[in-house]
Amino acid sequence: GAVVSQHPSWVICKSGTSVKIECRSLDFQATTMFWYRQFPKQSLMLMATSNEGSKATYEQGVEKDKFLINHASLTLSTLTVTSAHPEDSSFYICSARGDGSEETQYFGPGTRLLVL
Amino acid sequence: AQTVTQSQPEMSVQEAETVTLSCTYDTSESDYYLFWYKQPPSRQMILVIRQEAYKQQNATENRFSVNFQKAAKSFSLKISDSQLGDAAMYFCAWGSNYKLTFGKGTLLTVNP
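Protein chains in written order, with this note's numbering: chain A, 1 to 116; chain B, 1 to 112.
None of these hints come from the bench; they were simulated from the model. Careful, some of the hints might be misleading.
As the list claims (entries may be wrong) - Stretch-level coverage of chain A by chain B, calculated; a stretch enters the list once three of its residues show a Cβ under 8 Å from a Cβ in chain B:
{"id": "1", "region": "41 to 54"}
{"id": "2", "region": "69 to 80"}
As the list claims (entries may be wrong) - From the derived model, a few chain A residues whose C-beta atoms are all more than 12 Å from chain B:
{"id": "3", "residue": "31"}
{"id": "4", "residue": "59"}
{"id": "5", "residue": "66"}
Because the structure is a prediction, the values reported are computed rather than measured. Glycine included, C-beta positions come from ideal geometry on N, C-alpha and C.
Whole structure, please, built from the sequences with the hints as guidance.
The structure is reproduced here in structure tokens:
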């Protein structure tokens with residue numbers, strides 16, 4: 001159980017375009033979803049936390065107009081990188097937690113974004 | 001702010017042997033969770049083991065066990081009978097209020 005999918009797994013786009021990444025919880029309802037960014041050989045950096053039906057909470061230094069997050073249902077959250085630039089190239093990972101009191105997050109397989 | 005420190009950037013172990021990965025954390029909270037996640041070359045984050053801070057008994061999952069020392073704020077992971085498939089980056093994480101703080105990771109190599 002506790003499977004999280006992400007789509008696409010790979011995306012290459014031109015500078016200035018927008019890219020949408022989907023995160024789905026397949027076998028549980030995700031009260032909260034999280035978006036992380038990971039640079040090569042580094043740890044995960046939390047970008048934002050989203051709860052179903054409410055606005056996302058962004059971490060300090062993360063541009064909310066650049067990284068749009070929508071959590072429209074209990075099984076789907078999307079991250080849109082707007083007007084992407086080469087410095088946005090990275091590995092983006094989502095995670096989800098259920099409605100229990102425990103803190104466990106289950107992670108998606110990640111999306112590699114390359115902006116040319 | 002909470003911090004998680006993994007002092008071993010890299011570790012290696014012979015297949016079938018035992019290895020221990022270190023993790024310390026700093027927090028003033030009394031109620032929290034601790035986790036070990038592994039990230040193999042596929043980069044999929046996989047939950048290895050979880051420990052609730054209020055539980056004194058150390059968590060175990062098959063070949064994986066932890067040594068949780070709450071007073072010392074230490075949470076080490078022991079991998080017994082290491083297998084080639086255990087080779088991965090291992091991240092220690094501290095969780096409270098539904099957020100996780102990760103350490104920088106330890107890259108584990110398993111030698112045949």
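- Message: Taking 8 Å as the Cβ threshold, is the statement that the region 69 to 80 of chain A is covered by chain B upheld or broken by the three-residue rule?
- Response: violated (count 0)
- Query: Minimum Cβ separation between residue 66 of chain A and chain B greater than 12 Å?
  - Reply: Nearest chain B Cβ is 21 Å from residue 66 of chain A, so the label holds.
- When you look at the beta carbon of residue 59 of chain A, is every beta carbon of chain B farther off than 12 Å? violated (9 Å)
- Has the region 41 to 54 of chain A got at least three residues whose CB is nearer than 8 Å to a CB belonging to chain B? holds (count 5)
- residue 31 of chain A clear of chain B by more than 12 Å, beta carbon to beta carbon? At about 8 Å from chain B, residue 31 of chain A fails to clear the 12 Å cut-off, so the statement is violated.
The structure shown violates the earlier hints numbered 2, 3, 4.
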